[in-house]
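There are 2 protein chains.
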Amino acid sequence: MPGHRSIAEAEKLAAARLGGIPVRHDQMAVVANIYRAASAVRQHLENSVLRGVDLTWTAFVVLWVIWIWGESETRHVAEEAGISKGTLTGVARTLEGRGLVQRADHPTDGRLVLLSLTDEGQELMQRLFPAFNEEEAFVTGQLSDADCRTVADGLRRVVLQVEENGEQRRQDLLGGAAPAPRRSGRRKA
Amino acid sequence: MPGHRSIAEAEKLAAARLGGIPVRHDQMAVVANIYRAASAVRQHLENSVLRGVDLTWTAFVVLWVIWIWGESETRHVAEEAGISKGTLTGVARTLEGRGLVQRADHPTDGRLVLLSLTDEGQELMQRLFPAFNEEEAFVTGQLSDADCRTVADGLRRVVLQVEENGEQRRQDLLGGAAPAPRRSGRRKA
DNA sequence: TCAGAATTGTTCGGATCCAAATCATACGGT
DNA sequence: ACCGTATGATTTGGATCCGAACAATTCTGA
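Those protein sequences? They're chains A and B, same order as listed.
Under the UniProt record's numbering, think of the first position of the first sequence as 1, with each following residue one higher.
Under the UniProt record's numbering, think of the first position of the second sequence as 1, with each following residue one higher.
Check the hints yourself; a few may be wrong.
[Stated by the list, open to error] Below, computed lysine-lysine pairings styled on DSS-like, alpha-carbon distance capped at 30 Å:
#1 B:LYS85 with B:LYS188
#2 A:LYS188 with A:LYS85
#3 B:LYS12 with A:LYS12
#4 A:LYS85 with B:LYS12
By construction, these hints were calculated from the structure, which means they are not laboratory data.
With these hints in hand, go ahead and build the complete structure from the sequences.
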């Protein structure tokens, strides 16, 4: 099982292949390992605690957000869960069909939809979260509490950087030009 | 765009909701931020350098792996790219159709398929990687080189923990019972 | 030698996922 | 009241994505 073992070598190969163009090695390693860790953690949790209750990672995250924050507008749930509004519509539909989530109209604003957990959803999360948190502790088992805080803080700064300066950065890169539309996706009727 | 701002609060809410059951806060924060950072980074890169050349994140990673390692067996590419074999088949088909990747039979083992970049694929990566690396530097812009090494090292330990002990851990959790099959997926004919 | 076990890539069912288009409602100014 | 704009959620097209089933090939041992 290669992968992580070969990052240093991969960087050298990349540098050689670029013929002397400088490479930001440390920054590249952060991005590579963020994604590698995210995949590993997600896979482990899906195949341990989530599989048994037939929940995908995304479905669990959505449940978790609603569980923690209580009845919420869908746009906030999508934001917190890190998925698009359109994706949330589908996931919420699935969860609603399984009796874990219910939707309700906003009392004053007819555009909004509120999501909340059903009793069954509440019970599921109460039972599931401790097991989930246990595995979070497992995957970080090689890190001390202080290490965890350091890593989490570093990651938080990455998230902040993208959220606060990403939009500006993208505009600068594209030079004001409209971003190329996705090749896939809906077309005008 | 809340999210990161509320993690501490979310943890308190979670603890309250669990009614005194201890929560591993630091570990929870690491997992939450790993995933948040992965989403943010992926989104930024897709919407900056990748969109213009009509590549998804996964397609780029696959190209990168083949570019760095040269002609490779598909199983190794899937492993390095962090996707399943089945997914790679589809992605490789897409990239082959766009003339960026070519496949070849293994000279001695008829089961294997080798993937390599076409000339066009080579040129694309040569042009694309510097821009990609530039954005890797941007998203980590709030971290010093030393910070980057620290964070990358911590993440590497998470990956290692899952890779080296994850399988055993899952078996222990399930108590030897066969893992529940996915609800979705192919059925016996 | 040759039948069963192992390994590899592909097919396939079902669910996600994004972003553009679209539909629906609320709000602004006149 | 009315109309244009802003802001919601949903629909839709295309591409992923996983993992089980499957087909093809190689390996193993008696």
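Query - Given pair status - LYS12 of chain B, LYS85 of chain A, alpha carbons within 30 Å - result: Within the cut-off at roughly 27 Å; holds.
**Report entry** Satisfaction of hint between LYS188 of chain B and LYS85 of chain B, Cα-Cα up to 30 Å
**Finding:** Holds: LYS85 of chain B and LYS188 of chain B sit about 20 Å apart, inside 30 Å.
Query - Given hint LYS12 of chain A paired with LYS12 of chain B - CA-CA distance at most 30 Å - result: Status violated; Cα separation ~45 Å.
Requested in this report: Assess, step by step, whether the Cα of LYS188 of chain A is no farther than 30 Å from the Cα of LYS85 of chain A, and give holds or violated.
Outcome: Given that 30 Å is the threshold and the Cα spacing comes to 20 Å, the pair holds.
Checked against the numbered hints given earlier, the structure breaks only hint 3 and satisfies all the rest.
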